[in-house]
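Protein chains in written order, with numbering that gives the first Met the number 0: chain S, 0 to 322; chain C, 0 to 324.
Derived by calculation from the structure, the hints in this document are not laboratory data.
All C-beta atoms in this analysis are idealised placements derived from N, C-alpha and C, irrespective of residue type, glycine included.
Do not rely on the hints blindly, as some may be mistaken.
[Unchecked claim] One-sided and incomplete, this derived list gives chain C residues near chain S with beta-carbon spacing under 10 angstroms:
#, residue
1, Ala192
2, Pro260
3, Arg271
4, Phe298
[As the list claims (entries may be wrong)] Distance condition first, Cα-Cα at most 25 angstroms in a straight line; then the derived SDA-like pairs of lysine to any residue:
#, chain 1, residue 1, chain 2, residue 2
5, S, Lys241, C, Val66
6, C, Lys202, S, Thr141
7, C, Lys245, S, Thr141
8, C, Lys202, S, Pro264
9, S, Lys204, C, Pro276
10, S, Lys241, C, Ile259
11, S, Lys204, C, Asp215
12, S, Lys204, C, Thr274
13, C, Lys33, S, Ala265
14, C, Lys202, S, Phe74
15, C, Lys245, S, Ala265
16, S, Lys204, C, Lys245
17, C, Lys245, S, Ala146
18, S, Lys241, C, Lys33
19, C, Lys245, S, Gly275
20, S, Lys204, C, Lys33
21, S, Lys11, S, Phe74
22, S, Lys241, C, Gln273
23, S, Lys175, C, Arg271
24, C, Lys245, S, Arg267
25, C, Lys245, S, Asn303
26, C, Lys175, C, Arg150
27, C, Lys245, S, Glu274
28, S, Lys123, S, Thr141
29, C, Lys202, S, Glu181
30, S, Lys241, C, Asp215
31, C, Lys202, S, Ile261
32, C, Lys33, S, Ala103
33, C, Lys202, S, Leu272
34, C, Lys311, C, Ser157
35, S, Lys241, C, Lys87
36, S, Lys241, C, Arg270
37, C, Lys245, S, Pro264
38, C, Lys202, S, Glu274
39, C, Lys202, S, Arg270
40, S, Lys241, C, Leu256
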Amino acid sequence: MAEALLRVRHLKKYFPIRGGVFSREVARVHAVDDVSFDIRPGETLGLVGESGCGKSTTGRTILRLVEPTAGEVWFQERNVTALDKRALRQIRKEMQIIFQDPYASLNPRMTVRSIIGEALVIHKLARGRREREERVVQLLETVGLSAEHLRRYPHEFSGGQRQRIGIARALAVSPKLIVADEPVSALDVSIQAQIINLLEELQQKFGLTYLFIAHDLSVVEHISTRVAVMYLGKLVEVAPAKELYTNPKHPYTEALLSAVPIPDPAMRRRRILLEGDVPSPIRPPSGCRFHTRCPIRVPSCAENDQLLKEVAPGHWVACQVRA
Amino acid sequence: MAERLLEVKDLTTHFFTDDGVVRAVDGVSFHVDKGETLGVVGESGCGKSVTALSIMRLIPQPPGQIVRGRIDYNGRNLLELPPKEMRKIRGKEISMIFQEPMTSLNPVFTVGEQIAEALRLHEGLNRRDALDRAIEMLRLVHIPNAERRVREYPHQLSGGMRQRVMIAMALSCSPKLLIADEPTTALDVTIQAQILELLNELKARFGMAVLLITHDMGVIAETAQRVIVMYAAQVVEEASVRELFKEPLHPYTQGLLRSIPRIDLAATQRRRLQTIPGTVPTLRGEARPGCRFAPRCEFARPAHFDTDPTLKDVRPGHKVACFLY
Ligand SMILES: Nc1ncnc2c1ncn2[C@@H]1O[C@H](COP(=O)(O)OP(=O)(O)OP(=O)(O)O)[C@@H](O)[C@H]1O
Ligand SMILES: Nc1ncnc2c1ncn2[C@@H]1O[C@H](COP(=O)(O)OP(=O)(O)OP(=O)(O)O)[C@@H](O)[C@H]1O
Ligand SMILES: [Mg+2]
Ligand SMILES: [Mg+2]
């Protein structure tokens with residue numbers, strides 16, 4: 000088995016909530032709470048879970064766009080969490096991110112030429128104007144746009160086209176790893192498919208590795224090699240995509256999968272309806288965080304912390320009832 | 000034979016903006032029978048919400064205006080009713096829930112006050128009785144501790160609970176038609192499943208009809224009996240849900256269904272998603288003749304760019320607006 004490209008170990012991010020006259024820390028949002036996983040070169044790890052469970056924070060902490068509270072992130076042989084500013088800039092050449100909102104993530108006052116060319120300048124990846132221009136055009140063509148778009152501004156593009164620009168910008172530095180944070184969630188279905196296919200083609204062509212974050216389980220299943228399911232800051236299950244979808248072990252994964260509406264009226268499935276809402280990450284439940292909504296809980300679930308256990312090769316589950 | 004509740008004919012709603020006319024809804028016709036759920040699907044900006052708001056006569060005017068068409072509800076054309084009559088219909092006969100509950104709940108009133116207001120207005124209940132009914136409604140939508148929640152403000156509730164409150168409000172006067180505009184789009188899948196289940200339960204109990212707007216084909220498949228597909232301000236296909244998914248006729252509907260990743264097929268096959276090339280046309284500016292989907296359609300012929308296709312029956316209950324049929 001190949002060496003991991005990225006190793007995340009016991010990653011934690013607690014956001015302080017301040018209050019009172021002295022702006023003291025009065026509470027903490029447990030956004031990411033002891034998360035560990037590997038990503039192998041060339042694979043796509045899907046990260047799914049409901050709103051607020053800590054997916055984006057995980058992605059951002061890996062790139063240190065958000066500073067972790069604890070834990071380590073290793074990119075190949077380098078400890079990302081220990082890098083100084085300069086070394087961090089270097090490593091961003093190898094790890095890039097694309098965002099959910101193609102509208103907000105592009106500077107509205109910059110032309111496409113400078114949005115994509117900026118990274119080439121910062122990382123000194125092109126000698127002179129001519130070479131830079133050629134590279135930008137090449138990148139545009141890679142993502143299905145063309146030289147005629149060079150002088151346009153973001154507002155002149157549709158959502159799908161803007162996402163293509165975001166992808167071209169990420170590709171400019173020839174990264175190895177791309178964190179894709181809900182890259183298709185803001186797009187219409189027919190445009191979603193275009194972008195998903197593009198990401199798959201680029202992966203083939205450049206041997207890219209993806210951390211693909213999304214709340215849409217169908218999209219994640221489609222694109223991922225392996226999938227990690229997150230609930231209230233913790234991973235509850237990690238497995239190869241096919242295995243996870245055909246043989247989910249964690250009761251939360253089961254409920255999540257059963258809740259996805261299937262676009263086929265002839266299919267009728269048993270649906271597991273969960274009680275209540277996701278609890279607050281400020282005071283997460285003790286023990287297994289899912290126990291307050293879990294249909295198969297036993298009394299000790301409220302006490303025992305659950306760790307991921309391997310139940311089949313590569314299939315990890317954090318549930319004392321099931322594993 | 001099913002009984003007609005609502006019949007929309009040639010509805011045309013425009014927005015007259017500084018940058019030109021937006022033809023948001025352009026000659027839309029469909030009907031809703033008593034007690035059925037009619038799904039409305041289509042991509043962002045195709046005119047679903049404007050259609051719903053036109054039925055409710057809640058189009059902001061100006062810049063909006065219903066320029067043509069009629070909306071018959073129980074034999075009366077809603078577009079000709081005086082405002083006072085329309086107010087009686089709204090909330091009592093037809094009510095609506097919106098995509099983002101926070102924008103339609105008033106932040107300075109308690110949940111109970113908001114539900115009670117509709118009851119006092121339409122049912123003439125006094126303050127006490129209205130509040131009791133409000134608590135009853137909250138129980139009906141499965142909000143725990145209804146006696147306590149009724150005194151809370153919208154910001155104290157989670158997204159799923161707010162949407163339940165919206166449903167409680169919409170149903171408080173037992174409407175015959177509920178218009179649900181993307182009632183679950185802002186919610187997580189597990190909460191969406193709860194809300195759709197609730198809507199189905201309440202529909203069975205009260206026998207109301209539902210006009211369910213969504214862009215999610217899965218939601219349509221699981222909740223509607225019939226469906227209309229909208230593209231660029233027009234209806235391009237109408238069919239029973241069963242038939243639409245089995246035999247979609249319009250190239251747009253076909254493309255849409257093929258471009259959705261499916262977890263149920265996942266286990267057996269892994270395929271490249273099919274895509275519809277190009278993007279949705281703008282609704283702003285001069286009206287152009289021709290099929291609106293033609294620029295993205297693999298079957299388009301030169302003549303399709305010259306005249307509009309009409310929505311016509313090709314089978315009982317299955318209509319399509321396409322030159323191929
Ligand atoms: N800068 C911040 N300050 C305080 N709390 C934050 C901050 N960023 C995120 N959070 C909180 O951390 C938790 C995790 O947020 P995160 O954005 O990682 O979730 P997510 O899984 O990406 O959700 P979504 O699906 O809605 O994008 C949430 O409770 C969120 O409110
Ligand atoms: N107040 C307004 N002024 C100008 N144009 C408007 C106004 N409201 C809606 N429109 C336009 O009318 C068209 C139809 O909008 P509508 O809100 O009905 O779309 P929709 O199908 O509901 O989309 P979504 O799925 O994004 O909710 C869009 O092009 C929109 O920009
Ligand atoms: Mg996020
Ligand atoms: Mg809408």
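Going through the hints against the structure:
For Ala192(C), the shortest C-beta to C-beta distance to chain S is roughly 4 angstroms, which falls under 10 angstroms, so the interface hint holds. A hinted interface residue such as Pro260(C) counts as satisfied when its beta carbon comes closer than 10 angstroms to some beta carbon of chain S; here the least separation is about 4 angstroms, so the hint holds. Taken as an interface hint, Arg271(C) checks out: its beta carbon lies about 6 angstroms from the nearest beta carbon of chain S, inside 10 angstroms. A distance limit of 10 angstroms between C-beta atoms decides the matter here; for Phe298(C) the minimum to chain S is near 16 angstroms, and the interface restraint is violated.
Simply put, Lys241(S) and Val66(C) have alpha-carbon atoms about 52 angstroms apart, too far for the 25 angstroms limit, and the pair is violated. Proximity of Lys202(C) to Thr141(S) is assessed by CA-CA distance (about 50 angstroms); at most 25 angstroms being required, the pair is judged violated. The hinted pair formed by Lys245(C) and Thr141(S) fails the criterion: a straight-line CA distance of about 36 angstroms is larger than 25 angstroms. Simply put, Lys202(C) and Pro264(S) have alpha-carbon atoms about 19 angstroms apart, close enough for the 25 angstroms limit, and the pair holds.
A distance of roughly 21 angstroms separates the Cα atoms of Lys204(S) and Pro276(C); the hinted pair therefore holds under the 25 angstroms criterion. Taking the CA atoms of Lys241(S) and Ile259(C), the gap is near 18 angstroms; set against the 25 angstroms cutoff, the hint holds. Between Lys204(S) and Asp215(C), the direct Cα distance comes to roughly 32 angstroms. Violation of the 25 angstroms bound is thereby established for this hinted pair. Between Lys204(S) and Thr274(C) the CA atoms are separated by roughly 20 angstroms; this keeps the pair inside 25 angstroms, and the hint holds.
A distance of roughly 24 angstroms separates the Cα atoms of Lys33(C) and Ala265(S); the hinted pair therefore holds under the 25 angstroms criterion. Note on Lys202(C) and Phe74(S): the hinted pairing is violated, with a Cα-Cα distance of about 54 angstroms set against a maximum of 25 angstroms. At roughly 9 angstroms between alpha-carbon atoms, Lys245(C) and Ala265(S) fall within 25 angstroms of each other, so this suggested pair holds. Restraint check for Lys204(S) and Lys245(C): not satisfied, since their Cα atoms lie roughly 36 angstroms apart, outside the 25 angstroms limit.
Distance restraint check for Lys245(C) and Ala146(S): the Cα-Cα separation of roughly 42 angstroms exceeds the 25 angstroms cut-off, and the hinted pair is therefore not satisfied. A threshold of 25 angstroms between alpha carbons decides the hint, and for Lys241(S) with Lys33(C) the separation of about 43 angstroms lies outside it, so the pair is violated. Distance restraint check for Lys245(C) and Gly275(S): the Cα-Cα separation of roughly 35 angstroms exceeds the 25 angstroms cut-off, and the hinted pair is therefore not satisfied. For the proposed pair Lys204(S) and Lys33(C), the alpha carbon gap of about 55 angstroms is over 25 angstroms, so the pair is violated.
For the proposed pair Lys11(S) and Phe74(S), the alpha carbon gap of about 17 angstroms is at most 25 angstroms, so the pair holds. For the hint pairing Lys241(S) with Gln273(C), the CA-to-CA distance comes to about 21 angstroms; that is within 25 angstroms, so the pair holds. For the hint pairing Lys175(S) with Arg271(C), the CA-to-CA distance comes to about 23 angstroms; that is within 25 angstroms, so the pair holds. Of the supplied pair hints, the one linking Lys245(C) and Arg267(S) holds, its CA atoms being roughly 15 angstroms apart against a limit of 25 angstroms.
Proximity of Lys245(C) to Asn303(S) is assessed by CA-CA distance (about 49 angstroms); at most 25 angstroms being required, the pair is judged violated. Restraint check: the Cα-Cα separation between Lys175(C) and Arg150(C) comes to about 28 angstroms, which exceeds 25 angstroms; the hinted pair is violated. A threshold of 25 angstroms between alpha carbons decides the hint, and for Lys245(C) with Glu274(S) the separation of about 34 angstroms lies outside it, so the pair is violated. For a cut-off of 25 angstroms, the pair hint linking Lys123(S) to Thr141(S) stands: about 21 angstroms separates their Cα positions.
Between Lys202(C) and Glu181(S), the direct Cα distance comes to roughly 34 angstroms. Violation of the 25 angstroms bound is thereby established for this hinted pair. The straight-line distance between the Cα atoms of Lys241(S) and Asp215(C) is roughly 23 angstroms, inside the 25 angstroms bound, and the hint therefore holds. The suggested pairing of Lys202(C) with Ile261(S) holds, with an alpha-carbon distance near 21 angstroms, which does not exceed 25 angstroms. Restraint check for Lys33(C) and Ala103(S): not satisfied, since their Cα atoms lie roughly 44 angstroms apart, outside the 25 angstroms limit.
Note on Lys202(C) and Leu272(S): the hinted pairing holds, with a Cα-Cα distance of about 18 angstroms set against a maximum of 25 angstroms. Between the alpha carbons of Lys311(C) and Ser157(C) the distance comes to roughly 45 angstroms, so the proposed pair goes past 25 angstroms and is violated. The suggested pairing of Lys241(S) with Lys87(C) is violated, with an alpha-carbon distance near 54 angstroms, which exceeds 25 angstroms. Our distance criterion of 25 angstroms between C-alpha atoms is met by Lys241(S) and Arg270(C), whose separation comes to about 13 angstroms.
With a C-alpha separation of about 9 angstroms, the suggested pairing of Lys245(C) with Pro264(S) holds against the 25 angstroms cut-off. With a C-alpha separation of about 21 angstroms, the suggested pair Lys202(C) and Glu274(S) falls inside the 25 angstroms cut-off, and the hint holds. For the proposed pair Lys202(C) and Arg270(S), the alpha carbon gap of about 19 angstroms is at most 25 angstroms, so the pair holds. Of the supplied pair hints, the one linking Lys241(S) and Leu256(C) holds, its CA atoms being roughly 22 angstroms apart against a limit of 25 angstroms.
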